Amino acid sequence: MYRYIVNRVLLVIPTLVGAAALVFVLMRLIPGDICVVRLSSGGGNVDPRAVALCHAELGLDRSPILQFLDFVWGFFRLDFGISMWSGKPVAEEIAARLPISLEIAVMATVVAIAISVPLGTISALKQNSWIDHVVRTIAIAGIATPSFWLGIVAILAVLDISHAIFGAPWMPPIDYVPFWQDPLRNLSMVILPALTVGYRYAAVTMRMTRSAMLEVLREDYIRTARAKGLVERIIINRHALKNALLPVVTLIGIEFAFLIGGLVVTEQVFNLNGVGRLFVLAVQNQDYTLTQALVMLTVAVFVLTNLVVDLLYAWLDPRIRYG
Amino acid sequence: MIERLGLGAVGLGAALCIASLCATTVAAPAATDTPKSGGILTYMIPADAPPSFDGHRETTYATVHAVAPFYSVLIRVNPDNPSSTTDFVCDLCTEMPTPTDGGKTYTFKIREGVKFHDGSPLTAADVAASWQEIIHPSEGVSSARESYFIMVDKVEATDATTVVFRLKFATNAFLPALADPFAWIYKKEILVKNPHWFEKNIMGSGPFKFAGYEIGQSIKGERNPDYYHKGKPYLDGFIGIFAAKQAVRVDAIRADRAAMEFRGLPPSARDELVRELGDKITVQTSDWNCGNLVTPNHKRKPFDDVRVRRALALAIDSWNGAPALAKIATVHTVAGIVFPGSPLAANKEELQKLAGFWPDIGKSREEAKRLLKEAGAEGLKFELMNRNVDQPYKYVATWLIDEWSKVGLQVTQRVLPTGPFFDALRHGTFDVTMDFNCQGVVNPLLDIGKFLPHSVYAENYGNYDDDKEIALYQALLRETDAVKQRAMLREFEKYVLDTQAHMLMTPWWNRIIPARSYVKGWKISPSHYINQDLANVWLDK
Chain A
191 MYRYIVNRVL LVIPTLVGAA ALVFVLMRLI PGDICVVRLS SGGGNVDPRA VALCHAELGL
251 DRSPILQFLD FVWGFFRLDF GISMWSGKPV AEEIAARLPI SLEIAVMATV VAIAISVPLG
311 TISALKQNSW IDHVVRTIAI AGIATPSFWL GIVAILAVLD ISHAIFGAPW MPPIDYVPFW
371 QDPLRNLSMV ILPALTVGYR YAAVTMRMTR SAMLEVLRED YIRTARAKGL VERIIINRHA
431 LKNALLPVVT LIGIEFAFLI GGLVVTEQVF NLNGVGRLFV LAVQNQDYTL TQALVMLTVA
491 VFVLTNLVVD LLYAWLDPRI RYG
Chain B
-11 MIERLGLGAV GLGAALCIAS LCATTVAAPA ATDTPKSGGI LTYMIPADAP PSFDGHRETT
49 YATVHAVAPF YSVLIRVNPD NPSSTTDFVC DLCTEMPTPT DGGKTYTFKI REGVKFHDGS
109 PLTAADVAAS WQEIIHPSEG VSSARESYFI MVDKVEATDA TTVVFRLKFA TNAFLPALAD
169 PFAWIYKKEI LVKNPHWFEK NIMGSGPFKF AGYEIGQSIK GERNPDYYHK GKPYLDGFIG
229 IFAAKQAVRV DAIRADRAAM EFRGLPPSAR DELVRELGDK ITVQTSDWNC GNLVTPNHKR
289 KPFDDVRVRR ALALAIDSWN GAPALAKIAT VHTVAGIVFP GSPLAANKEE LQKLAGFWPD
349 IGKSREEAKR LLKEAGAEGL KFELMNRNVD QPYKYVATWL IDEWSKVGLQ VTQRVLPTGP
409 FFDALRHGTF DVTMDFNCQG VVNPLLDIGK FLPHSVYAEN YGNYDDDKEI ALYQALLRET
469 DAVKQRAMLR EFEKYVLDTQ AHMLMTPWWN RIIPARSYVK GWKISPSHYI NQDLANVWLD
529 K
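So the sequence lines, in the order shown, correspond to chains A and B. Start counting the first sequence at 191; every next residue gets the next number (this note's numbering). Start counting the second sequence at -11; every next residue gets the next number (this note's numbering).
Here chain A stands alone, though its shape is the one from the complex:
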């Protein structure tokens, strides 16, 4: 087991270097110049000397090879450099955004698990009944509905309903307050995005739970368990569900990692100052250092999540052993 973990961790190194090379090259293939975007954003004249000075300040006048070596060396020392746009340390920029993305990812995951596992299981157990049809409709609607659209509708609904009931429109706060400072304000801000993201997340997971359960319920060992007279609840909870959760856990892991940096539009809709919004901003502004760091963060989250999922496999299915 330990050998397996060490091997997996060592494999992370070439993965990270590969990702680093890819993002480094891709960012430089995008036409444009951060200095020009910045200096001409007001529409006025841009002095070519100011652009040259900006290039020198940001180190863009050095050769790409030197820039890449600097980036990789910095990354392995956990020094992500300075944001080319704001001049602030990249770590500081990300640290300011990570808590809200993490909070929403965790809440959406809780929402998704709470909805998808029971409903997916019931749907499988009552296959082709009206309950199954309702659950499948909910799931398909969830997959087909973009989270950001649902978010916009949710906000408008809250505004209109509150206007109709109280005579004045109400909406959740738009400036983030950490949970430990003001729990009520924090929750009122993040609950809508968590629900809208969690619904789509739940829909995907619900479908997976249902199909995995259907497959497991047809296995010989389930038939054997029933034949030897085991109580149905124990068959479902102990024997069927635990095995059916293997692909579900994989899916939850991938979705969770995606949520950390992928809530681009949802964060815009709810004005959440998260990592997704920062990602868009960094690419728009052609902030190489920040984009590179964010990609590396996302890769690291994916790698770590996959590792955790692999380890969970062993717990869920004792037949799986890592040599």
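Among the clues, some could well be false.
Stated by the list, open to error - Here are a few chain A residues that face chain B, going by a calculated C-beta distance under 7 Å:
#, residue
1, 221
2, 222
3, 226
4, 227
5, 228
6, 237
7, 240
8, 243
9, 277
10, 360
11, 364
12, 458
13, 476
Calculated directly from the structure, the hints in this document are not laboratory data. Only a predicted model underlies this, so the values are computations on that prediction, with no experimental measurement involved. Ideal Cβ placement from N, Cα and C applies to all residues, glycine included.
Following the hints, complete the assembly by docking chain B onto the known chain A.
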């Protein structure tokens, strides 16, 4: 909601500004409106975050909307009359100076008793050092507005309360340039030690003291009790919330999470807010010192041919297009190269003599067709490059394509994100592009720099050289007699828009600011950069 036409407030410009050409509507303060002290103003800043806090370096409203309340300036557009293009008043100085030495020396007396937020006194040395960094920045420091001050020879503090600007030549462009809203006064001691300090830190002498900043989330200020304009600011503080998405900002105003935003919303958002909130919302509108231009790439055939460029202009019916566009886009007024409220702007009669402004669109389009035929460019197909910005870029471009189709041109639109858009502009990889010219304080002599060849004005993308145009401009810049200057401007305008048709005008932008009706004291101006220190704002609730 009480509204009145504010044309009378634009000073000399009003005399030349006819109703159909320009418009400013402002909320009129009732006679009984006496400012009340107290309260926190929450407003939206339509951006993700300012790149830095340094006004000398930045050009974006994200910086000025967030940081201007913390700083003082030497002179400014009159905050009580900001729609005027000629009304400048002192902020840190005691009296607007009369130039001496044939218009080449301006001497400013600086207020005594002004303190920075750290308690240290502000003197003429701080003012001179700040201006020195703007006009002649130190080695390794960039100033976004260095090129605005080519006329300045030197700035010096002759004593603790006197600052003298010595010019190389007299020009009417100097004083408006000096009222730049980004020209914040920094503490000399800090500037000398580290000229980059103000990029990440805030320490000024303005109406509000810095109280906190959450990266990309919000910025907070609290009342400066030592502010030198007695009785101001009225607010206890402010919170600026960053939100790039328009829907968020509109919803926030609707739900009273924020009272307003200062950049400008499109007509649809205004209509939605007015419909939902009725008299709880007040709308101020103004012509905006920003506009979309159309720049043909002179290095690409057939746009090297003046007949083709003139045909592009002649095909456009701005007089009928502008009122229709104004219903859906943030554009409004038909005008030439000068902001329509300025005394130097062309009147309707003068405009109608230029290509693209003829009163008879039928005749104009016939001439366009004739020119295209003569140039062998009938049925020409080309690409109009555009920036991925909805308002008003895409609206105006779509309208232009329709206008051009009426003379047989077949135009497609290529929309690019901001970075690649600028890259294509700079590398000249386009046929014809949507371009823009957005300025702060109305200063026609500098604002029209955009029309000069790239060798003179780096952000001109037409790829042409024109010595005659440069000579006309240099003479214009140095002419100080207002009447002569206006005549010379007409000559320059005709040369640029008609004779050479280097660039084409589209209707000027329209600034629409809906605000909660309890917000008082703030008046709209032709620029989203100016009048942003919030010292005059108060809350009637």
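Evaluation of the provided hints:
Because the closest C-beta pair between residue 221 of chain A and chain B is about 4 Å apart, less than 7 Å, the hint holds. Checking residue 222 of chain A against chain B by beta carbon gives a least distance of about 3 Å; that is within 7 Å, so the hint holds. At about 5 Å, the closest approach between the beta carbon of residue 226 of chain A and any beta carbon in chain B falls short of 7 Å, and the interface hint on this residue holds. Satisfaction of the interface hint for residue 227 of chain A is found here, the shortest Cβ-Cβ separation to chain B being roughly 6 Å, below the 7 Å cut-off.
Interface hint status for residue 228 of chain A: upheld, as the beta-carbon distance to the closest one in chain B is roughly 6 Å, under 7 Å. Of the supplied interface hints, the one on residue 237 of chain A holds, with its beta-carbon coming within about 5 Å of a beta-carbon of chain B, less than 7 Å. Checking residue 240 of chain A against chain B by beta carbon gives a least distance of about 4 Å; that is within 7 Å, so the hint holds. The closest approach between the C-beta of residue 243 of chain A and any C-beta of chain B is roughly 5 Å, which is under the 7 Å cut-off, so the hint is satisfied.
Given the 7 Å rule on beta carbons, the hint for residue 277 of chain A holds: about 6 Å separates it from the nearest Cβ of chain B. Interface hint status for residue 360 of chain A: upheld, as the beta-carbon distance to the closest one in chain B is roughly 6 Å, under 7 Å. Among the interface hints, the one on residue 364 of chain A holds; its C-beta lies about 5 Å from the nearest C-beta in chain B, closer than the 7 Å criterion. For residue 458 of chain A, the interface hint holds, the least distance from its beta-carbon to any beta-carbon of chain B being 5 Å, beneath 7 Å.
At a threshold of 7 Å, the smallest CB-CB gap from residue 476 of chain A to chain B is about 5 Å, leaving the interface hint in force.
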